[in-house]
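Visitor: Spelled out from the first residue to the last, the chains are:
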Amino acid sequence: MPYPTDRRYTKEHEWITADGTIGITNHAQDSLGDIVFVELPKVGTEITVGKAFGTVESVKAVSDLFAPVSGTVTTVNDALATAPEQVNKDAHGAWMVKIKVKDPAEMNALLSAADYDKFVSEEAGH
Amino acid sequence: MSALEATPPVVPNNVRKTALNAVHRQMGAKMVGFNGWDMPVEYPASIGCGIVAEHLAVRTGVGIFDVSHMGDIRLAGREALAAVQHISMNDASRLAIGQAQYSALLYPQGTFVDDVIVHRLGEDEYLLVINAGTREKDFSWVRDNTRQFDCKVEHLSDDFTQIAIQGPKGVDVLQKLTDADLSAVKFYWVTRGTICGLKNILMGRTGYTAEDGFEIYIPPDEPTSARVWYAILEAGKEFGVVPCGLGARNTLRLEGKLPLYGHEISDTINVWEAGLDRFCKMEKPDFIGHAALEKAKTEGVKKTLVGLEMVDRGIARDGYKVLDDGGREIGYVTSGSPAPFLKKNIALAYVPPAQAAVGKTVKVEIRGQGVKAQVVPTPFYKRPKKAAKSE
Chain A
-8 MPYPTDRRYT
2 KEHEWITADG
12 TIGITNHAQD
22 SLGDIVFVEL
32 PKVGTEITVG
42 KAFGTVESVK
52 AVSDLFAPVS
62 GTVTTVNDAL
72 ATAPEQVNKD
82 AHGAWMVKIK
92 VKDPAEMNAL
102 LSAADYDKFV
112 SEEAGH
Chain B
-4 MSALEATPPV
6 VPNNVRKTAL
16 NAVHRQMGAK
26 MVGFNGWDMP
36 VEYPASIGCG
46 IVAEHLAVRT
56 GVGIFDVSHM
66 GDIRLAGREA
76 LAAVQHISMN
86 DASRLAIGQA
96 QYSALLYPQG
106 TFVDDVIVHR
116 LGEDEYLLVI
126 NAGTREKDFS
136 WVRDNTRQFD
146 CKVEHLSDDF
156 TQIAIQGPKG
166 VDVLQKLTDA
176 DLSAVKFYWV
186 TRGTICGLKN
196 ILMGRTGYTA
206 EDGFEIYIPP
216 DEPTSARVWY
226 AILEAGKEFG
236 VVPCGLGARN
246 TLRLEGKLPL
256 YGHEISDTIN
266 VWEAGLDRFC
276 KMEKPDFIGH
286 AALEKAKTEG
296 VKKTLVGLEM
306 VDRGIARDGY
316 KVLDDGGREI
326 GYVTSGSPAP
336 FLKKNIALAY
346 VPPAQAAVGK
356 TVKVEIRGQG
366 VKAQVVPTPF
376 YKRPKKAAKS
386 E
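Chains as they are written, first to last, in this note's numbering: chain A, -8 to 117; chain B, -4 to 386.
Pulled out of the complex, with its shape left as it was, chain A reads as follows (with noise of 0.2 angstroms):
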C-alpha cells in the first residue's frame, strides 16, 4: 500500500497531517494485528515530541502512541473508543487526535511518505 504523500510520518510509525491529524500507519496496524482498544487523551491535553500520549492494544500486544511533534490536543476522535478495529480497516484515514501544533519547524524532522516506506522495508530487511 502505498503512503499518502500529504503527510510526514515517524519511526515509531505514526503519521500526521499539515493540520495537525495524527494517526497510526497501515504498516502499524499490520503489525499489531486486530486492535481492541484505543486510548487518547482528553482535549486540551499538551503533548510533547516523542513522548507517549495514548495507547493502541491488539489482542496480543500494548503499544505506546508518541507524539510526532508537541502540541496541544483539540479533537479526539471518539469513535475509535467503540470501533477500535476503524484503525485495521483504514489506518489512514482513522485518525487518533486533530492538535494545535507548537512548532512548525518541528514537522522538517519528520520523514517523507518515500523515507518512509524505505524505512520500513528496511526495518523488514534487517
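Please note that a few of the clues may not be correct.
Simulated restraints, written as ranges between beta carbons of each label pair [to be verified]:
#1 B:L177 / A:T66: 56 to 66 angstroms
#2 B:P218 / A:A74: 36 to 46 angstroms
#3 A:A74 / B:Y183: 40 to 50 angstroms
#4 A:F110 / B:Y225: 27 to 37 angstroms
#5 B:E289 / A:T39: 53 to 63 angstroms
#6 B:G31 / A:T65: 44 to 54 angstroms
#7 B:Q364 / A:T65: 22 to 32 angstroms
These are computed hints drawn from the structure, not numbers from a lab.
For every residue, glycine included, the Cβ atom is placed at its ideal position computed from N, Cα and C.
Position chain B relative to chain A; hints supplied.
Guide: For chain B alone, kept in the frame of chain A given last:
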C-alpha cells in the same frame, strides 16, 4: 508506536524451526520467537485470518495449528506403569489402552515441572506430550527419576510433526482424510489409521482450545509435513478451515482456563494453588510431590487462581498487579487478554483465598490506574454439549 515486531526474515541459527516453517512463511504468517522456536503467531488478513478470525473459526468451525514444537517422551517396558505413576500426579492405572489423561510432573515440593498429557498406547507403553519450552528439562527429569524401573525412556520430540485440527468441524475434516472411524473415538482417547496414505498414524482426540478436535502425529520430514498440512486445508475448505497461530491458541486456551506453563503453573506454584485438584490423585500409590502436597493441604493455600472479567474499560495483561478496593496489592495476573468469542476482557490471576469468591470486586492496575474487575466463574467458556449422534 512502539513494541512493533517486524517479521524476522532471517532466523538465527540457535532458533528452532518446525518442518512446516517454510509453509507458514509462504502463507504469509507473522512469525515470533516462542520458547526458542520460530512460530506463526497469526496468518494474514488477506487469507481471512488474524487472531480474532482464527479464534472464531475454531469456536464455530475448524482451524488447524502446527504444534510440532510440543515434545514427546515414550516410556515402555515391564515397569512403565510404575514409572509413570511415580513421576505424575494423575492415576495412570485407570487408563485403558488407547486412553489419555491430563496430568503433571511435579517437584518434591508439589510444584510443577510441567503439565502433560499421558497417553497409554499399549500394554506397557506410554507417551507423554510435553511443552515446547520445557522439553529438555522434562526429559532429563523423567529419565533421572525413573532409573529404578525396568522401563526404557525415549525422547521422541523430533520424531513427529504434530498438527492440531480443532473445532466442532474438526472431526469432519479429518474423517475425509483417514480410514479410521473417528466417531468411535471418545474425547481423550486415541486411535491409529492411515492419513493421506501414511499408515499407522497416531490420532488423539485432544487439544488445547477447549473445543473438540484431534491432534495427529505424522513423520517429521518437510515434504510429508507440508503435504498433509495442505491436504487438511483442502479437505476443510467446505467447513471454512483456516490455519491458526499461537495467538489464537493462547486466547482459545485462556477462554477455556487451560493452564500455560510459566503463567498459571510453574516451579513456584503448587497443585492446590493452581486449582488442579481433580487431576491429582492423592489416594494412588506414592508419587513425587505427594508428601509436600499432603502437608500443603493441611496448611491451606495463600493464593488461589481465579477468573477475572474487566468491569470497567481496560485490558488486563500478563504480570499486571491485582489490587483490592482500597488499592492495596493482593495478587497478579497470570494471563490476560480480550476474549474474542466471549467479547469480554478476561484474565486469570492469583489472589488470596479471601478475595477469591465469585462476585468479589477487585482492581487491575493498568498503566498506573486501578481498573475495576470482578471474580467470575471459570472456565470462562465451555463448549456446548453435542446432542448424541445416532450414527
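Visitor: That 44 to 54 angstroms hint for G31 (chain B) and T65 (chain A) (C-beta), does it hold up?
Guide: holds (48 angstroms)
Visitor: Is it true that the C-beta distance of E289 (chain B) to T39 (chain A) lies inside 53 to 63 angstroms, as the hint says?
Guide: holds (59 angstroms)
Visitor: Can you tell me whether the CB distance of Q364 (chain B) to T65 (chain A) sits inside 22 to 32 angstroms?
Guide: Since Q364 (chain B) and T65 (chain A) have Cβ atoms about 24 angstroms apart, the given range 22 to 32 angstroms holds.
Visitor: Between the beta carbons of A74 (chain A) and Y183 (chain B), is the distance compatible with 40 to 50 angstroms?
Guide: holds (41 angstroms)
Visitor: Okay, F110 (chain A) versus Y225 (chain B) on CB: inside 27 to 37 angstroms?
Guide: holds (36 angstroms)
Visitor: P218 (chain B) and A74 (chain A), beta-carbon distance inside 36 to 46 angstroms?
Guide: holds (45 angstroms)
Visitor: Given the hint of 56 to 66 angstroms, check if L177 (chain B) and T66 (chain A) actually sit that far apart at their C-beta atoms.
Guide: With a Cβ separation near 57 angstroms, L177 (chain B) and T66 (chain A) satisfy 56 to 66 angstroms, so the hint holds.
In the structure shown, no violation is registered for any of the earlier numbered hints.
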